[in-house]
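Could you build all of it, start to finish, from the sequences and the hints given here?
Top line first, the protein sequences correspond to chains S and G. This note's numbering applies: residue 386 is where the first sequence begins, and numbers increase by one. This note's numbering applies: residue 386 is where the second sequence begins, and numbers increase by one.
Rather than coming from a laboratory, the hints here were simulated on the basis of the structure. Please note that the accuracy of each hint is not assured.
What the hints assert, rightly or not - Now the stretches of chain G that chain S is said to cover, found in silico as 3 or more residues with beta-carbon under 8 angstroms: (1) 392 to 400; (2) 424 to 433; (3) 489 to 495; (4) 513 to 521; (5) 524 to 530.
To be verified - The calculated lysine-lysine pairs, modelled on BS3-like cross-linking and capped at a C-alpha distance of 25 angstroms, are: (6) S:LYS495 to G:LYS397; (7) S:LYS479 to S:LYS467; (8) G:LYS498 to S:LYS397.
Every value quoted in this text rests on a predicted model; they were computed, and no experiment measured them. Think of the CB as a built atom: it goes at the ideal place given N, C-alpha and C, for glycine as much as any other residue.
Here's the letter readout for the chains.
There are 2 protein chains.
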Amino acid sequence: MADQADVVISPKDFFDHWAGHRRLTRRVIEAFPEDKLFTFSVGGMRPFGVLALEFLTMAEPTLRGIMTGAWDSDMSRDPMSKAELLSKWDESTKQIEELTSTFDPASFYKTYKAFGQWEGPGHWLVFYVVDNEIHHRGQGYVYLRTLGIEPPHFWER
Amino acid sequence: MADQADVVISPKDFFDHWAGHRRLTRRVIEAFPEDKLFTFSVGGMRPFGVLALEFLTMAEPTLRGIMTGAWDSDMSRDPMSKAELLSKWDESTKQIEELTSTFDPASFYKTYKAFGQWEGPGHWLVFYVVDNEIHHRGQGYVYLRTLGIEPPHFWER
Numbered sequence: 386m387a388d389q390a391d392v393v394i395s396p397k398d399f400f401d402h403w404a405g406h407r408r409l410t411r412r413v414i415e416a417f418p419e420d421k422l423f424t425f426s427v428g429g430m431r432p433f434g435v436l437a438l439e440f441l442t443m444a445e446p447t448l449r450g451i452m453t454g455a456w457d458s459d460m461s462r463d464p465m466s467k468a469e470l471l472s473k474w475d476e477s478t479k480q481i482e483e484l485t486s487t488f489d490p491a492s493f494y495k496t497y498k499a500f501g502q503w504e505g506p507g508h509w510l511v512f513y514v515v516d517n518e519i520h521h522r523g524q525g526y527v528y529l530r531t532l533g534i535e536p537p538h539f540w541e542r
Numbered sequence: 386m387a388d389q390a391d392v393v394i395s396p397k398d399f400f401d402h403w404a405g406h407r408r409l410t411r412r413v414i415e416a417f418p419e420d421k422l423f424t425f426s427v428g429g430m431r432p433f434g435v436l437a438l439e440f441l442t443m444a445e446p447t448l449r450g451i452m453t454g455a456w457d458s459d460m461s462r463d464p465m466s467k468a469e470l471l472s473k474w475d476e477s478t479k480q481i482e483e484l485t486s487t488f489d490p491a492s493f494y495k496t497y498k499a500f501g502q503w504e505g506p507g508h509w510l511v512f513y514v515v516d517n518e519i520h521h522r523g524q525g526y527v528y529l530r531t532l533g534i535e536p537p538h539f540w541e542r
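Shown next, in the form of structure tokens:
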């Protein structure tokens with residue numbers, strides 16, 4: 386349990402911060418040409434559409450797992466149209482907004498075994514999800530630049 | 386001011402989390418061949434050595450600015466040897482450890498104008514520094530893969 390006098394960031398500000406990152410990731414998805422989203426990559430890495438599906442199957446499922454104890458996630462990475470991916474993204478955003486509106490901050494300092502595999506406090510699990518999205522989105526910026534496309538500004542959320 | 390009953394992550398755990406990211410970035414610097422650190426990039430982007438210098442001139446200077454009101458940073462991005470860059474990295478790590486050992490958590494919810502330009506609460510400034518490092522380090526992963534080098538595991542800190 387953390388000392389409650391020590392606040393780095395409030396749950397509301399943290400969830401807003403995360404939402405800002407997710408808005409940026411949505412703009413990165415939008416920036417990809419339809420025919421490159423699930424086909425193009427650099428250095429033999431995964432295409433950005435596959436990475437975006439990974440984000441989707443980590444974000445809402447991790448929050449839901451913490452809140453309900455049900456750890457399940459869609460592991461399919463099959464290609465889809467950009468419109469379908471963005472639609473899934475928006476659906477996930479709504480679900481995340483619903484979950485975070487009732488998220489118990491005490492959960493950040495309780496321990497969970499995420500998806501039956503990764504055990505640690507709630508804050509560690511949630512930061513992993515956010516950091517993983519920032520990390521792989523940075524990879525997507527290189528793909529876009531290599532395609533001659535200017536990525537969205539990192540600082541605009 | 387955040388409600389002090391709402392703790393996402395304690396200052397100690399947050400600074401440990403950040404230190405873990407900085408250890409990973411150090412390993413990414415180490416993974417680059419000496420002759421590629423300041424010369425190689427993909428998609429016309431900045432070489433990883435230049436990005437690492439950006440991290441160095443944001444991390445400790447932002448903490449110090451918040452704590453002392455003195456906002457200054459070395460804007461030089463001149464190439465140097467890997468050993469010299471790692472030595473600067475380690476020196477910066479020591480300075481960060483010293484600063485965070487006496488950092489007042491109230492600063493996360495005070496407002497600062499960082500480097501005379503970016504105004505916002507302490508938590509926003511510090512998260513920007515961490516997120517920017519994760520973002521550009523992800524870019525470095527693509528450089529390494531393109532060079533045929535396996536990057537360090539993202540989850541090892």
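Against the structure, the hints:
Evaluation of the coverage hint for the segment 392 to 400 of chain G: fulfilled, as 8 residues show C-beta separations to chain S shorter than 8 angstroms, against a requirement of three. With 4 residues carrying a beta carbon less than 8 angstroms from a beta carbon of chain S, the segment 424 to 433 of chain G meets the three-residue requirement, and the given coverage holds. Under the rule that three or more residues need a Cβ within less than 8 angstroms of chain S, the assignment of the segment 489 to 495 of chain G holds, with 3 such residues. Note: the segment 513 to 521 of chain G has 6 residues with beta-carbon separation from chain S under 8 angstroms; the three-residue rule is met and the coverage holds.
For a cut-off of 8 angstroms, the count of residues in the segment 524 to 530 of chain G with a CB near a CB of chain S stands at 6, and the three-residue condition holds. Distance check on the hinted pair: S:LYS495 and G:LYS397 sit about 17 angstroms apart at the alpha-carbon level, within 25 angstroms; holds. Of the supplied pair hints, the one linking S:LYS479 and S:LYS467 holds, its CA atoms being roughly 18 angstroms apart against a limit of 25 angstroms. Pair hint G:LYS498 plus S:LYS397 holds up; C-alpha atoms about 23 angstroms apart against a cutoff of 25 angstroms.
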